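Student: Sequence:
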Amino acid sequence: MIFGQVWDKLSEPLLKTTSEAEVVQAFEAHAPQYHREFVPSLARLIFEVVHHPKFPKRREPQINYLADSLAALGRVTPKRSREIVAQALAKERAKLKHRVLRREFYIECTCGYEGPAYKGKCPRRHPDKAKNELLDFIYQPRIF
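Going by the numbering used here, the first residue of the sequence shown is number 1, and it counts up by one from there.
The set of hints was computed from the structure by calculation and includes no laboratory data. In this text, all values refer to a predicted model and were calculated from it rather than measured experimentally. Check before you lean on any hint, since a few could be wrong.
Estimated spans, in silico, between C-beta atoms of each pair [unchecked claim]: (1) Lys121 - Asn64: 48 to 54 Å; (2) Ala90 - Tyr34: 24 to 30 Å; (3) Gly115 - Ala72: 53 to 59 Å.
Note that beta-carbon positions come from the ideal geometry of N, C-alpha and C, so glycine has one too.
All chains should be modelled from the sequences, with the hints used to inform the complete structure.
Tutor: Laid out in structure tokens, this is it:
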């Protein structure tokens, strides 16, 4: 998100850098509000990531690549940092895939009832519970 806000100004000077000192100067000149967060502590790492042979060419992938590489703040290598971020995103995506929101069962009971089940059972065998919960649902106060 931070790089998304300043990448239009910062990308060109950052890609043209030839040393860590130039990375610091680029941040001071084009992203002074984030200067203290990233430089000088991460200047070497930013320089390495931006000049990596596999650094993307398009805007959004560049932002994501740099952010993912710096996510560990230099405690691990940039590649390992990207792997950790990818694993965390995969876990989040796995949670969102194909969840059952509501189960509905249409049953045919030995008592002759055919229709939707009540909590997985025949509503004729538990008529008082089914009626009470249905009436509670119908007559519950609603806020409009």
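Student: Quick check: which numbered hints come out false for this structure?
Tutor: No numbers; nothing is violated.
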